[in-house]
Amino acid sequence: MTFSYYPGCTLKTKAKDLDMYARRSAQALGIDMQELAEWQCCGAVYPQAKDEIATKLSSVRALMSARDAGHDLMTLCSACHHVIKRVNNDMATDTDIRMKVNNYIKPELEYSGETKVVHYLEVLRDYVGFDELAKKVVNPLKGKKIAAYYGCLLLRPGSVMQFDDAENPSIMEDLIKAMGATPVLYANRNECCGGYVTLENRPTAQRRATSVVSSAKAAGADCIITACPLCMYNLDANCDESQKLPIIYFTELLAEALGVK
Amino acid sequence: MQTEKEMANDIIRRSGVNPLKCMKCGKCSGTCPAYEDMDYHPHQFVSMVQKGRINELLQSKSIWTCLSCFACIERCPRSVEPAKIIEAVRLELIRRQGCNHLKSDAIPELLDDKLPQQAIVSAFRKYSK
Amino acid sequence: MHRIGVFVCWCGTNIAATVDVKAVAEAARKEPGVVFATDYQYMCSEAGQALIRQAIKDNALTGVVICSCSPRMHEATFRKTVQAAGLNPYMLEIANIREQCSWIHKDIKEGTEKAIILARTAIAKVMLNKPLTAGESAVTKRALVIGGGIAGIQSALDIAEAGYEVDIVEKQPTIGGKMTQIDKTFPTLDCAACILTPKMVDAAQNEKIKIFSYSQVEEVKGFVGSFKAKIRKKARFVDENLCTGCGDCTSKCPSKKNKNEFNLGLDNRPAIYIPFAQAVPKVAVIDAEACIKKKTGKCGLCEKVCSAGAIKYDQQDEIIEREYGAIVVATGFNPIKLDKYDEYAYSQSPDVVTSLELERLMNAAGPTQGTLLRPSDGTHPHTIVFIQCVGSRCDDARGKSYCSKICCMYTAKHAMLIREKYPDTDVHVFYIDVRTPGKNFDEFYRRAVEQYGVDYIKGMVGKVIPHDGKLLVQGSDLISNEQVKIDADMVVLAAAIEPDPTARSVATMLTASIDTNDFFTEAHPKLRPVESPTAGVFLSGVCQGPKDIPETVAQASACAAKVIGLLAKDKLLSNPCVARADESLCSGCSVCQNVCPYGAITYEDREFRIPGPKRSEIRRVAQVNEAVCQGCGACTVACPSGAMDLKGFSTKQIMAEVDAICR
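Chains as they are written, first to last, in the numbering used here: chain V, 1 to 261; chain G, 1001 to 1129; chain B, 2001 to 2663.
One chain only, chain V, in its complex shape (with noise of 0.2 Å):
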């Protein structure tokens, strides 16, 4: 299992561990982690706009070097995945984006959109699968109880990201019950915990992250796992004092399981 793969600027500074981790996890399951050799920040959110072009280079260019080494191409920061994987979509939708960056990059192979993008967690479930992932955990998590948190970037749009029921999730549980602890559900765990405007205005990331937190808390669990720095950071450094919980990266917990940590 061979994957092209595309930390992220954040997975190189601030967020070591959730890179190290993964990549541990990995080799621990058989998964064969290629770092794109030359890969740009993906500008951490995605440019809707029909006539943002420049934005969405770097995102292609790691998009075709995944093509021409002929892997899918994996990703494990939320926003990342989010970006990459709509300019994608674009790429292969809409002709006068295609058209406007091809024309720009000028690459000796036109790119429409061909590499398939997988987040870490499609490629557990999807390539490596959970029953297969629960025999080769030799540190079961047992008695945790561990809410999923999947935020925005995961999950939506559904009609483009395709990665799971956006509405009622069930990856990062499955993950969870995989590593032998008990998943917990609250209604917060695809709600915006405001991070990208925690520059702009704390006070509105603060309440946000906290009613996340304290959704999660309510239902009883013991911390929350999630698959974005951003989302770490605002969970962690804006929730009310009163509501805190560990927010871990799921890596590292599944490191954990593995035996590997």
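Think of the hints as simulated: they come from the structure by calculation, not from any bench.
Straight line, CA to CA, 27 Å or less: simulated BS3-like cross-link-like pairs of lysine-lysine:
#: 1; chain 1: B; residue 1: K2405; chain 2: B; residue 2: K2526
#: 2; chain 1: B; residue 1: K2458; chain 2: G; residue 2: K1021
#: 3; chain 1: B; residue 1: K2458; chain 2: G; residue 2: K1061
#: 4; chain 1: B; residue 1: K2210; chain 2: B; residue 2: K2571
#: 5; chain 1: B; residue 1: K2458; chain 2: G; residue 2: K1024
#: 6; chain 1: G; residue 1: K1005; chain 2: V; residue 2: K50
#: 7; chain 1: B; residue 1: K2340; chain 2: V; residue 2: K217
#: 8; chain 1: B; residue 1: K2022; chain 2: B; residue 2: K2109
#: 9; chain 1: B; residue 1: K2485; chain 2: G; residue 2: K1061
#: 10; chain 1: V; residue 1: K244; chain 2: B; residue 2: K2485
#: 11; chain 1: B; residue 1: K2470; chain 2: V; residue 2: K145
#: 12; chain 1: G; residue 1: K1051; chain 2: G; residue 2: K1005
#: 13; chain 1: B; residue 1: K2184; chain 2: B; residue 2: K2171
#: 14; chain 1: V; residue 1: K261; chain 2: V; residue 2: K16
#: 15; chain 1: B; residue 1: K2470; chain 2: V; residue 2: K244
#: 16; chain 1: B; residue 1: K2470; chain 2: V; residue 2: K217
#: 17; chain 1: V; residue 1: K217; chain 2: V; residue 2: K244
#: 18; chain 1: B; residue 1: K2485; chain 2: G; residue 2: K1024
#: 19; chain 1: B; residue 1: K2400; chain 2: G; residue 2: K1024
#: 20; chain 1: V; residue 1: K50; chain 2: G; residue 2: K1061
#: 21; chain 1: B; residue 1: K2259; chain 2: B; residue 2: K2294
#: 22; chain 1: G; residue 1: K1129; chain 2: G; residue 2: K1005
#: 23; chain 1: B; residue 1: K2405; chain 2: G; residue 2: K1024
#: 24; chain 1: B; residue 1: K2221; chain 2: B; residue 2: K2210
#: 25; chain 1: V; residue 1: K16; chain 2: G; residue 2: K1114
#: 26; chain 1: V; residue 1: K14; chain 2: G; residue 2: K1129
#: 27; chain 1: V; residue 1: K50; chain 2: G; residue 2: K1051
#: 28; chain 1: B; residue 1: K2340; chain 2: V; residue 2: K177
#: 29; chain 1: V; residue 1: K50; chain 2: G; residue 2: K1024
#: 30; chain 1: V; residue 1: K50; chain 2: G; residue 2: K1021
#: 31; chain 1: V; residue 1: K136; chain 2: V; residue 2: K16
#: 32; chain 1: B; residue 1: K2400; chain 2: G; residue 2: K1021
#: 33; chain 1: B; residue 1: K2080; chain 2: B; residue 2: K2571
#: 34; chain 1: V; residue 1: K144; chain 2: B; residue 2: K2470
#: 35; chain 1: V; residue 1: K261; chain 2: G; residue 2: K1114
#: 36; chain 1: V; residue 1: K177; chain 2: V; residue 2: K135
#: 37; chain 1: G; residue 1: K1129; chain 2: V; residue 2: K100
#: 38; chain 1: B; residue 1: K2337; chain 2: G; residue 2: K1024
Got chain V; can you put chains G and B on it based on the hints?
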């Protein structure tokens, strides 16, 4: 100088949204997690752009408070995609010279040790050109 | 020698405003074979028809061309006109110079030119017309009704009342359909069971009506007047003739924890059960998947307690073949599944229910004996939020594009009933529009607001958050431009309705057409609303489109009237414009048989004389059953050897038309 109507047409084209598909159910504003921080709400963006009331929206604080969480896009029963309209209005403003909302000088004092890069990158992409 | 008459209609200003009708008549008069041409204000009027009849007689016309509206509108009218004047009705052609010309052109010159070409084309065709005579076929005086809900029952009762036999085939163990699950009916609030169950009993007792419950139509062959159907009577493992419906077996059955379909899974039923007290037929049925005896071979308790000896564990499905003259489709509807709408927390909280589930929770025969209690903890709810249009009026992949039509009224009913019975309960209704066209409907809704104090909020709910045993409902109030948050005890979702999943297979079986939403298509949306375009197939109830009970019953009776009109005939005249195989050209390839959507083509071995010593050979050739053929022409296009032709639309005629256009 563009008229409001011309701006509205640009915004509609840039967003790729057809505001006429809206059936005015208000689900976007019912689901919006940033509602309380907005003066104009997602459903108003759709209807005001359709009516060409752009100047009011350019003054609106909502263009900075939209969380880009796409809940309105996901849940709109008519596939209107209000978040795209809000972003298109924001671009109408920040693409003008001197209208950057976030200036690099302001960054250092906003930082803390744990703040991930993506917070800064995304803020620049959302608020500045 | 042809003697053609051409009649150009003004259709008031519909045609005359954009087409110079006199110029068209003038041009037609110059065509070879045309001996008479004129124009008139309204050809379809009595005076116009008299003009045609007179002209036929005066000029000894052999063929007639009428330049007017679409043949769909008045072809039948004018056929009768020319027939009255002694011509064969098929010696008539219509040139459509209204829908295909005047209505779509603005310029008189262009419109006139095109009208002249269309007239010329029809003249070229009529020269090659041959007199045709409609065939006759017999009518089996019995109707099949597929689906035993209120629509099917009403159609069956009306047909039986006229003296014809009717079979109702219902896939559930009892007839009655969705209406059996409803508590009260709008706008009069009478109890659904009180008005429905007498009809169910009437159907069961009517000697003209035969009910096949727990059965499905598996195959339909034949054509209008003479259908043959295969009905699968599923094994219920209980002898219908012996079972008295006493219910001893159901109370003794040890396998008790099976979802009760009648109460929508809100409580349980045993493996052997009678769906509800007023079921028709009131006969038990064994759910083989839940029955311990069927699964393990042990148990057999129901057999022991049944004093009638009705339990038959080894009963098999039975196939019954019956003949029918007409078929009524009454396959009904279901609320859509809400698993894709979890922003409303339907799968997360048992206190989020559909409106149909609420009916059961308020029904005396329901799981709570009619006391409204929260499914989660059995407490009395004090705040209830209704959400309208869940899955209706959607333009996304999750929902339906149409308005489900019944939800506004039943929600007003629910809100009113709750406020009446539990005045301490606050009721909020989120609505996009309140749609209440119908007799006494808007008055009903206003009563909910003005008399019962139901709080109607113009807006939609965005999210329902289960929290601490409550449901936090977050929605918009567009009138006050606010985002409102309501701490509710229960949330009721008005789920869109959709055709029963069997609609598609029934449509295929009957070669009846359905639309993109799987609703059956009517022969004409306004003028033939209860007939399918397939002859002999009629539509009753929600299978054709969303309807409430009054409308369903009205349509069911209208449908019955059409069926009775058909069954009253001893013979049917068939459309003579049907396909015909030229046996000398047919190669026996079966292509036509495969493309025929009506199953009208069969193959027969025929002996043909051939030159040479052998003198004859047996060849397989196509035969068209003229009573079944609908004249669609698919076979004539598909036939690789040119052996298939359509009477009245022969290849020669069509080529002549093309030539006339290109001239």
